[in-house]
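Generate coordinates for the entire structure from the input sequences, incorporating the hints supplied.
Line by line, the protein sequences give chains V and P.
Using UniProt numbering, the letters of the first sequence map in sequence onto residues 1 to 281.
Using UniProt numbering, the letters of the second sequence map in sequence onto residues 1 to 281.
Errors might be hidden in some of the hints.
Any copy will do: because identical chains look the same in the list, a pair fits if it lies in one copy or spans two.
What the hints assert, rightly or not - Listed next, the in silico DSS-like pairs over lysine-lysine satisfying Cα-Cα at most 30 Å (straight line):
id : residue 1 : residue 2
1  : K35       : K226
2  : K18       : K101
3  : K101      : K227
4  : K18       : K174
5  : K82       : K214
6  : K128      : K18
7  : K35       : K214
8  : K252      : K82
9  : K118      : K19
10 : K46       : K225
11 : K117      : K19
12 : K128      : K225
13 : K11       : K82
14 : K18       : K117
15 : K225      : K252
16 : K19       : K174
17 : K117      : K225
18 : K214      : K11
19 : K21       : K214
20 : K214      : K225
21 : K35       : K252
22 : K252      : K78
23 : K78       : K214
24 : K192      : K174
Hints were generated in silico from the structure; no laboratory data involved.
There are 2 protein chains.
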Amino acid sequence: MITSTSNQQMKNLTLLMKKAKARNEQGVFVAEGRKMFLEAPVEWVKQVYVSESFYGTCTQGNMQDCMESCTPKHGEEKLNRKVLERLNETGYEIVSDNVFKSVSDTQTPQGILCVIKKPEYALEELIKGEQTHLLILESIQDPGNLGTMVRTGEGAGITGVIMNQTTVDLFNPKTIRSTMGSIYRVPFFITKDLAGTISSLKEQQVNVYAAHLKGTLSYDEPDYKKKTAFLIGNEGNGLSDEIADLADTYIKIPMQGQVESLNAAISASLLMYETGRQRRH
Amino acid sequence: MITSTSNQQMKNLTLLMKKAKARNEQGVFVAEGRKMFLEAPVEWVKQVYVSESFYGTCTQGNMQDCMESCTPKHGEEKLNRKVLERLNETGYEIVSDNVFKSVSDTQTPQGILCVIKKPEYALEELIKGEQTHLLILESIQDPGNLGTMVRTGEGAGITGVIMNQTTVDLFNPKTIRSTMGSIYRVPFFITKDLAGTISSLKEQQVNVYAAHLKGTLSYDEPDYKKKTAFLIGNEGNGLSDEIADLADTYIKIPMQGQVESLNAAISASLLMYETGRQRRH
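Printed below as a string of structure tokens:
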């Protein structure tokens, strides 16, 4: 059992949670909580740390099968049993509660932290023929916004997220948490040259839309059944002129009252779900 | 000029930012930043505090009128001039920069804080005939989610927000900031008896929809051109059975991949904007 915060593994875990540079160098990120552990593809899991008390809960639970009359308590036990089965597959280290708490990024840690291999995708993997549905992000700064966009994007059926290098790190613990597991399933591409990447998408007949103050077409008017990509800009400043100029079409989200703009994750969600809506009909 | 954090007004300001109880007792809340000050109805503004350096910027700016070639710098100056004009209308106190920073709720304070009278609305003021479009919140816990729902709601054209008393305080500084000024314009009603309030809405022919796992009807299928209200539940647990049972119709937001739920503010936004979309057509 690890009982000291000066343990080399604990020090590295803290570093991985705080520094994008360390995550990039080691090619891994940290995911916290039962759901994030259970949904991680087994072959991506490199290390798992469980707190002493959570491990106790998993092994000492009353592991009865329950059918129709499953109580919330039984639900918890079933979930913990799944965790235990998975732990035996991946291997794990037990960490004393105090040390675990000091390493955790959350106020009420669930008692499980894992180091996961970062996935990598080529741009081509985000292009899925006529189903292509992309979110392109320029310099999004809020980790919660980014994670929420990935989560909602999976729900809406996007085929990938593209972002420039000044977008907040996708593997920031707060972003990871906000994705609620979608980070494992939504392909992404981080580009040094956002303009070049957009141009290459346009050459592949992807229709690029920008939510923009200059837009006159309402967001529900274009036909998104073809290959579609949406440009979403920074929370404070919107899209840069250079990137906005690359859009094929400016669209607007109608706003009543005195609202001047919507939150970036909300705008992105409305556009992605409008695409989903059209494609279902 | 106020130069000490033990000044009685500064102590009260801190109390008002931290404690819902103090806000309730005094019937006021605190709004921070230029935009929140400029959009506040003048008659609601009770006290205004400006930092020494921000006040200097407002009075010393080069106040030229600029027409077509307005630079961002001129834009800033025009905004600051508006602030100055408004300050002369409302009255203000200057606060030393250090004291201002210690009182402010933000990391980079804009230099203006104001104490605003809390608005109050009767339930009837949220009902606008066939235009009625309500968001009904049960125990929302995240201040940012709540503020974002109010902001997006104004944009989508809702006629009000109803919430139970275990929803996070609407006048929490983080909620206020997330509303981006919509708090001044969206009528709201906080109810001790959410079930009773919903029943009273149903007696007035408001159609009540709940986004619910039991829903089979996709959220874009019902006709929202009639009086409409959406029930949105707590981030972790969803709607309680008691409240969900009062809905006329369960709806679902289709989710692809392995997504089990969406963020509460995202779900609410999709429903409100779908209503807006239908009403425009």
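Hints and how they fare:
1. K35 x K226: neither (34 Å within a copy, 40 Å between copies)
2. K18 x K101: Both: 15 Å inside a copy, 26 Å across copies.
3. K101 x K227: Classified as neither; 46 Å inside a copy, 49 Å across copies.
4. K18 x K174: Both: 10 Å inside a copy, 24 Å across copies.
5. K82 x K214: Between. Shortest inter-copy distance 25 Å satisfies the 30 Å Cα cut-off; intra-copy 52 Å does not.
6. K128 x K18: neither (35 Å within a copy, 50 Å between copies)
7. K35 x K214: This pair counts as between: shortest inter-copy Cα distance 22 Å, intra-copy 42 Å.
8. K252 x K82: between (46 Å within a copy, 28 Å between copies)
9. K118 x K19: Within one copy only: 14 Å inside, 42 Å across.
10. K46 x K225: neither (40 Å within a copy, 53 Å between copies)
11. K117 x K19: within (16 Å within a copy, 43 Å between copies)
12. K128 x K225: within (13 Å within a copy, 36 Å between copies)
13. K11 x K82: within (28 Å within a copy, 51 Å between copies)
14. K18 x K117: within (17 Å within a copy, 41 Å between copies)
15. K225 x K252: Intra 18 Å, inter 22 Å, cutoff 30 Å: intra and inter.
16. K19 x K174: Both: 12 Å inside a chain and 26 Å across chains, each within 30 Å.
17. K117 x K225: neither (34 Å within a copy, 49 Å between copies)
18. K214 x K11: neither (49 Å within a copy, 45 Å between copies)
19. K21 x K214: So K21 and K214 fail the 30 Å test inside a copy (38 Å) and across (44 Å) alike.
20. K214 x K225: both (23 Å within a copy, 29 Å between copies)
21. K35 x K252: between (36 Å within a copy, 23 Å between copies)
22. K252 x K78: Close across copies (27 Å), not inside one copy (47 Å); limit 30 Å.
23. K78 x K214: between (53 Å within a copy, 22 Å between copies)
24. K192 x K174: Only inside one copy: K192 and K174 sit 23 Å apart there, 34 Å across copies, limit 30 Å.
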